[in-house]
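Assembling the complex is the task here: the two chains are given apart, and the hints tell you how they should meet.
Residues per chain are reported as follows:
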Amino acid sequence: MKNILELLESDSRLTHEQIAAMCNKEVGDIRKMIEDGERDGIILGYKTIIDWDKTDREYVSALIEIKIAPQKDRGFDHMAERIYNYPEVQSLYLMSGGFDLAVIIEGRTMKEVAYFVARKLATLDDVVSTATHFVLRKYKDKGVIYGPAVVDERGNCL
Amino acid sequence: MSNFSADKVLSKKATGIKPSGIRKFFDILEEMKDVISLTVGQPDFITPWHIRAAGIESLEQGKTYYTSNSGTLELRREISRYLSRRFNLEYAPQNEILVTVGGSEAIDVCMRALLNPGDEVIIPEPCFVCYEPLTTLAGGIPVSIATREEDDFKLTPDALRAAITEKTKLLILPFPNNPTGAVMTRKDLEAIAEVLRDTNVCVLSDEIYAELTYGEERHVSIAELPDMRERTIIASGFSKAYAMTGWRLGYIAAPAEFMATILKIHQFAIMCAPTTSQLAAIEAMANGDPDVAAMCAEYDRRRKYVLHRLRKMGLPCFEPHGAFYIYPRISDTGYTSEEFCEKLLYDYGVAVVPGSAFGASGEGFVRISYAYSVAHIEKAMDRMESMLADLKKQ
Chain A
1 MKNILELLES DSRLTHEQIA AMCNKEVGDI RKMIEDGERD GIILGYKTII DWDKTDREYV
61 SALIEIKIAP QKDRGFDHMA ERIYNYPEVQ SLYLMSGGFD LAVIIEGRTM KEVAYFVARK
121 LATLDDVVST ATHFVLRKYK DKGVIYGPAV VDERGNCL
Chain L
159 MSNFSADKVL SKKATGIKPS GIRKFFDILE EMKDVISLTV GQPDFITPWH IRAAGIESLE
219 QGKTYYTSNS GTLELRREIS RYLSRRFNLE YAPQNEILVT VGGSEAIDVC MRALLNPGDE
279 VIIPEPCFVC YEPLTTLAGG IPVSIATREE DDFKLTPDAL RAAITEKTKL LILPFPNNPT
339 GAVMTRKDLE AIAEVLRDTN VCVLSDEIYA ELTYGEERHV SIAELPDMRE RTIIASGFSK
399 AYAMTGWRLG YIAAPAEFMA TILKIHQFAI MCAPTTSQLA AIEAMANGDP DVAAMCAEYD
459 RRRKYVLHRL RKMGLPCFEP HGAFYIYPRI SDTGYTSEEF CEKLLYDYGV AVVPGSAFGA
519 SGEGFVRISY AYSVAHIEKA MDRMESMLAD LKKQ
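Note that the protein sequences, when read in sequence, are chains A and L.
Each step along the first sequence adds one to the number in the numbering used here, with nothing skipped, and position 22 is 22.
All you need for the numbering used here is the position in the second sequence, starting with 1, plus 158.
Bound conformation, chain L alone (with noise of 0.2 Å):
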């Protein structure tokens, strides 16, 4: 009989990790039959073809070998091209432009380069799930900032100052955000850049949904503004604005004297993004732009379609400015984000993401993801619609 037990070998660091909220509710949801779902954070668009081509092209031809450990200069070079000609940045391919595994690695890396013991990260709340446990592996502190409906789900230049300590070493910037579809404009930028500029706090800005805005203003990178491209980390990738999430290819942009740090931990840890999605990426990024625009503008009109049911059936919701989600708020039923949710999956076949997954700070919402068809998002809202018209009879 051997001794051997997997719970005493475990890193206590990783096991004492929370799983994810969001996760658990995801397999409830894999248990149920005739669900319309409106839970999926990825685009319900295939690839354009012209990218799938030159992915498949670059298999013909036998391009099966690793890149350099930045990616290839051509791909970083097209990203260079794109920051400036889209968000008036500058960054040198050479050595400024990393290309990663999605936008998940750029960000598990720039916290491994950055945070020593105890260093403190501060992260704008409800947000995308895995800032909290990245930090932590990265031997870092979270220290949660939430976001509050009243401002429009903004970081405030107050709360940020509040925050910050002597051990503050990264603040983390996720906007457009994923769930509550919170936009910073050019104004909020600026005042978040003043209180950092007394500083000698980083900024770790996730950019991943920076091509779906809505309305006027599009999105502005934080390093465009005056002595932040410094102390700036851009993280970013191809998945929401190319719909190509299954090619998991993401990069980073940073000052020369982060990246050579960034770069070695990405070249022991990973080795080199995959070059069939690299090489379909250079496509994207060269010739890409009028997907990006059709894709963004369908989105547009889903997001305009779901806000106006939420509204009509008497849910308070923020008009979401980015991203591809919509974040009612529900707590004048009286449930819970989880009970709500529970009930409209169990009793109306509904499925939407409690807000309480994306940090305490989501109580009392739930998010929407309109990465579907107007028909099937129209099926779900007229049962939503229902539950809500019962509880009212109530």
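Extracted from the complex, chain A is given alone in its bound form (with noise of 0.2 Å):
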């Protein structure tokens, strides 16, 4: 099963029948593996990986840092619940260091962004105080550097 999470997560894009030879098992095997895996949560979702830099659409994306003073009868789950619910939020991680949660959200613009921070994140009751920091440039994300097409150009040589 591990193999198997490993290629789909490489390239969720391979068929059952290119994992199936790759592991030497039946494809209906593999078929009831990752079906298991998707009713177990294992398998959370297949996505793709855009930069949306090199296409028209407005957008932007910001890290930021939450600093929580947690109640008693809740903890940081409770907080993590509140501020994850919402679509524009894209990762939510508890961290240690110096602040607690660090939430990635992505808007069409810088304004919707902080609005949104100063509307929805920083008015919740538990928050101490945040920090936003805006993202100039993606360089690289889940392993995959944001450049160029990769263009073969391997000589043929003997």
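If you're looking for bench data, these hints aren't it; they were derived computationally from the structure.
Incorrect hints may have been included.
[As the list claims (entries may be wrong)] In silico EDC-like cross-links for lysine to aspartate or glutamate, where the CA-CA straight-line distance does not exceed 16 Å:
#1 K470/L to D540/L
#2 K140/A to D51/A
#3 K182/L to D490/L
#4 K191/L to D141/A
#5 K191/L to D53/A
#6 K138/A to E112/A
#7 K25/A to D490/L
#8 K537/L to E17/A
#9 K470/L to E388/L
#10 K138/A to D53/A
#11 K111/A to E88/A
#12 K462/L to E17/A
#13 K470/L to D490/L
#14 K120/A to E88/A
#15 K470/L to D548/L
#16 K345/L to D316/L
#17 K120/A to E106/A
#18 K550/L to E477/L
#19 K470/L to E106/A
#20 K142/A to D51/A
#21 K551/L to E536/L
#22 K470/L to D53/A
#23 K462/L to E26/A
These numbers come from a predicted model, not from an experiment.
This is how it looks when you write it as structure tokens:
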């Protein structure tokens, strides 16, 4: 199963047939293992990595550090839930170090992101402070480098 | 008007050498557009960053001088440690290891160091295209042995015994093999060693693909077997294992008695291997094992996928256990290797290499490289499958 997950994590477009051939298994077995993984919440989704800067779509993303004063009866999980349910929130991590939650937000404009932070995040009861860092350029995400399309320049040597 | 004519001055030995069949095919390919190629004989990975960084750093530090003729001692030490940890081979960095410009130079200087006019060199075919011309250029006589599909393209002791004459000087051992992907296991090599023990024949073991083997048993060098080290020269390099083809770096490991003469040729012809490449290679050997393992695992997945697709489309195909080539038999289609490749190229836009480019015994086969992404391989396999389906309808 680990092998299959690693394959899918590196390329979610691999077909059941391809994975079966690569793992010396039957196509039916692979289908079942993937379905089980989806059912058990191990496989959570399949996404495509897109460099939106190469399109005309307006978009901006920001990393927001949040400091929290968790209340006695509700810990970080409660706060996290209040935050991650906003569709604007792309990622949310509980952190060690100088702040508690790291939120990655995407919006169409900086204003939109700033408003979201000011109105939706900063106003939450347990939030002590926020610090917003806008992303100026993405160089690499999920192991993929944002650059020109790779051209096969290998020479046909002997 | 000058009477000068280049034809009259060129060396007869050099002009007598046939151009490589594979080169001819590549020239056609370069003229065509929108072709999906499975012809390339080099990794699709980029040299791992920490190795590239070591090369860059060496340039930043101004290390742009020649090294000693044999290569830097530090790299030779790393090569020595590597041979010991991976293949149980012991070679002294001081006088038994030589850093060369790729595995190709390694082969060339060995031939020139060993061969006297008329010496016979046994070459198991199909194989990489350089052994025969380099033998000829060094004054030797190439004697080919055809390896067979029914023997899993291994060199058999019987075939070797039959090919050895009084004039035999050298046996080339090109395993893991390009183009077949065949490997020689310890047991296979023991049978070969048994034949060699009674002779004075040397072995040039081309182990450039040694890191790329798939299956239970990893590569075994014939030099590890009893009585074999004294007669064996190992030629290997960084190109395939570390995805360093463009750095042009290889090496020779051989007993000191051979090395003094080999080094003499290397120092007069080459001086030394590129310094930047040598300094990057130190990093490769010291810290590159995980990269090699990751690349090998990826090749293995592709290997299994291509094998599955080829067999599914009805081509008989030997399961390769090394290198990054697969070698299906296409003779049942009624075409020769070259005809098959031309039809596949012109009518279906896929380039593979005719087996005949690797020696006469390659007729009836084609070489497919899987040093490409799975998506690329899939597209090529789909097209190849439709060609075979169309042939069946005819």
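Tested hints:
1. K470/L to D540/L: Cα-Cα ~11 Å, so holds.
2. K140/A to D51/A: Given that 16 Å is the threshold and the Cα spacing comes to 10 Å, the pair holds.
3. K182/L to D490/L: violated (25 Å)
4. K191/L to D141/A: violated (33 Å)
5. K191/L to D53/A: Not OK: K191/L and D53/A at ~29 Å, beyond 16 Å, violated.
6. K138/A to E112/A: Cα-Cα ~19 Å, so violated.
7. K25/A to D490/L: Violated, at about 29 Å.
8. K537/L to E17/A: holds (14 Å)
9. K470/L to E388/L: violated (46 Å)
10. K138/A to D53/A: Cα-Cα ~9 Å, so holds.
11. K111/A to E88/A: holds (13 Å)
12. K462/L to E17/A: holds (11 Å)
13. K470/L to D490/L: holds (15 Å)
14. K120/A to E88/A: Status holds; Cα separation ~11 Å.
15. K470/L to D548/L: holds (15 Å)
16. K345/L to D316/L: Holds, at roughly 15 Å.
17. K120/A to E106/A: With Cα atoms ~14 Å apart, K120/A and E106/A stay inside 16 Å; holds.
18. K550/L to E477/L: Roughly 24 Å separates the two Cα atoms, so the pair is violated.
19. K470/L to E106/A: violated (46 Å)
20. K142/A to D51/A: Measuring from Cα to Cα gives roughly 12 Å; hence the hint holds.
21. K551/L to E536/L: Measuring from Cα to Cα gives roughly 23 Å; hence the hint is violated.
22. K470/L to D53/A: violated (42 Å)
23. K462/L to E26/A: holds (13 Å)
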